[in-house]
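Put together the whole structure using the sequences plus the hints.
Residue numbering for the sequence shown follows our numbering, beginning at 1 and increasing consecutively.
In case anyone wonders, no lab produced these hints; they're calculated from the structure. Quantities reported herein were computed from a predicted structural model and do not represent experimental measurements. Quick reminder that beta carbons are idealized off the backbone N, C-alpha and C, glycines included. One thing to keep in mind: the hints can contain errors.
[What the hints assert, rightly or not] Below, a list of computed lysine to aspartate or glutamate pairs in the EDC-like style, where the Cα atoms sit at most 20 Å apart:
1. Lys303 <-> Asp249
2. Lys303 <-> Asp277
3. Lys313 <-> Glu252
4. Lys188 <-> Asp216
5. Lys21 <-> Asp32
6. Lys313 <-> Asp277
[Said to hold, decoys possible] Pairwise CB distance ranges, derived in the manner of DEER restraints:
7. Ala145 <-> Asp314: 41 to 49 Å
8. Asp277 <-> Gly66: 17 to 25 Å
9. His15 <-> Lys303: 32 to 40 Å
10. Ala145 <-> Thr19: 27 to 35 Å
11. Glu136 <-> Asp34: 24 to 32 Å
12. Gln63 <-> Arg37: 27 to 35 Å
13. Gly237 <-> Arg259: 35 to 43 Å
14. Gly190 <-> Asp132: 51 to 59 Å
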Amino acid sequence: MARTINRDGNPFGAHRVITPKGALPQPALRLDNDMSRLWDNELLLDVDILNVDSASFTQIKEQAGGDEERIKEIILGIVTERGKLQNPVTGSGGMFVGRVAEVGPALAGRGLALGDRVASLVSLSLTPLRIDEITEVRTSTDQVAVRGLAVLFESGTYAKMPDDIPDRLALAVLDVCGAPAQSERLVKPGDTVAILGATGKSGILCAYAARRVLGDGGTIIGLGHSPKNCERLEALGLCDVVARVDSSDALECHDEVSRLTEGRMADLVIDCVNIPDAEMAAILMCRDGGTIYLFSMATSFTKAALGAEGVGKDVTMIIGNGYARGHAEHALQILRESKEIRELYESLYS
Numbered sequence: 001m002a003r004t005i006n007r008d009g010n011p012f013g014a015h016r017v018i019t020p021k022g023a024l025p026q027p028a029l030r031l032d033n034d035m036s037r038l039w040d041n042e043l044l045l046d047v048d049i050l051n052v053d054s055a056s057f058t059q060i061k062e063q064a065g066g067d068e069e070r071i072k073e074i075i076l077g078i079v080t081e082r083g084k085l086q087n088p089v090t091g092s093g094g095m096f097v098g099r100v101a102e103v104g105p106a107l108a109g110r111g112l113a114l115g116d117r118v119a120s121l122v123s124l125s126l127t128p129l130r131i132d133e134i135t136e137v138r139t140s141t142d143q144v145a146v147r148g149l150a151v152l153f154e155s156g157t158y159a160k161m162p163d164d165i166p167d168r169l170a171l172a173v174l175d176v177c178g179a180p181a182q183s184e185r186l187v188k189p190g191d192t193v194a195i196l197g198a199t200g201k202s203g204i205l206c207a208y209a210a211r212r213v214l215g216d217g218g219t220i221i222g223l224g225h226s227p228k229n230c231e232r233l234e235a236l237g238l239c240d241v242v243a244r245v246d247s248s249d250a251l252e253c254h255d256e257v258s259r260l261t262e263g264r265m266a267d268l269v270i271d272c273v274n275i276p277d278a279e280m281a282a283i284l285m286c287r288d289g290g291t292i293y294l295f296s297m298a299t300s301f302t303k304a305a306l307g308a309e310g311v312g313k314d315v316t317m318i319i320g321n322g323y324a325r326g327h328a329e330h331a332l333q334i335l336r337e338s339k340e341i342r343e344l345y346e347s348l349y350s
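Written out as structure tokens, the structure is:
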């Protein structure tokens with residue numbers, strides 16, 4: 001297909017914003033996903049897997065009542081309306097895997113060849129996307145198989161897919177690779193670390209990162225909801241204690257962590273849950289002067305800020321950033337180092 005190549009594209013992708021004018025692609029309401037024309041600083045990719053953000057996919061599944069055909073309709077509807085996959089309820093997207101179909105002339109020095117298989121490391125909530133067909137919905141892994149096209153901007157980050165890790169597994173881990181990299185920066189020797197949603201994909205990686213810093217010192221409290229998942233977390237041996245709680249019940253979470261720490265509470269709380277209303281649980285589990293890392297895309301930062309104020313908690317709250325320098329390789333290396341985590345994730349995602 002012959003494509004028109006335009007020049008002078010904005011490095012952040014503002015040239016693809018249809019509405020509102022002046023916005024950047026992530027907060028924009030609609031992007032131009034016409035793939036018959038490209039800008040010289042864009043990458044075009046043939047997309048075959050979408051790894052939908054956990055909070056977004058959970059919401060879509062609930063809206064669809066678990067019906068796979070209805071899930072397809074909702075996803076296609078979002079992309080048709082917005083030109084990107086940005087859940088209007090959660091605001092989040094996910095990421096994709098695809099093959100390089102075209103490299104804009106201005107990006108010729110990036111070392112990419114046609115056919116290279118890459119994963120996007122920027123959100124689908126800012127990525128121009130066209131879906132021609134959804135061929136499979138994988139409700140257990142938050143992944144959707146598609147035929148489509150996507151554009152990465154000059155500022156967009158990506159990772160070449162590794163040869164030693166299957167695509168589905170690598171994509172599942174790369175989707176949350178910012179969490180373990182940033183958690184490892186925040187943990188200090190001797191800390192008591194409480195991980196809310198520790199039984200999930202990002203929570204397990206954060207527990208591994210925390211244990212790498214703490215060694216035999218400090219304490220990791222893993223908090224989950226599902227009995228089966230809590231058992232799996234215990235078997236990994238990363239946490240000193242695993243407790244079952246309801247993340248939306250702030251008082252229950254406070255009382256459990258208070259009991260486990262003899263009232264000292266956690267120095268660092270990492271929030272990885274994929275459902276709303278966990279903000280107050282994270283705040284109440286943290287000691288005064290402690291730190292809360294809000295990685296969950298289900299977080300309401302209004303609830304977090306005003307909730308901390310309302311209960312008189314002097315805590316530092318850090319917004320989870322999907323990007324950290326070297327985060328992709330950091331997360332993939334965990335799979336190479338930990339036989340137990342890799343085997344668990346292979347059973348879930350491969």
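We went through each hint and held it up to the structure:
1. Lys303 <-> Asp249: holds, 14 Å
2. Lys303 <-> Asp277: holds, 8 Å
3. Lys313 <-> Glu252: Given pair Lys313, Glu252 holds - Cα atoms ~17 Å apart, limit 20 Å.
4. Lys188 <-> Asp216: Status holds; Cα separation ~13 Å.
5. Lys21 <-> Asp32: Within the cut-off at roughly 12 Å; holds.
6. Lys313 <-> Asp277: Status holds; Cα separation ~17 Å.
7. Ala145 <-> Asp314: 41 to 49 Å: holds, 47 Å
8. Asp277 <-> Gly66: 17 to 25 Å: holds, 21 Å
9. His15 <-> Lys303: 32 to 40 Å: Since His15 and Lys303 have Cβ atoms about 35 Å apart, the given range 32 to 40 Å holds.
10. Ala145 <-> Thr19: 27 to 35 Å: Given about 30 Å between the Cβ atoms, the range holds.
11. Glu136 <-> Asp34: 24 to 32 Å: This hint holds: roughly 26 Å between Cβ atoms.
12. Gln63 <-> Arg37: 27 to 35 Å: Cβ of Gln63 to Cβ of Arg37: about 34 Å, so the range 27 to 35 Å holds.
13. Gly237 <-> Arg259: 35 to 43 Å: Distance hint for Gly237, Arg259 is violated at roughly 22 Å.
14. Gly190 <-> Asp132: 51 to 59 Å: 54 Å Cβ-Cβ, so the 51 to 59 Å window holds.
Hint compliance for this structure: hint 13 alone is broken.
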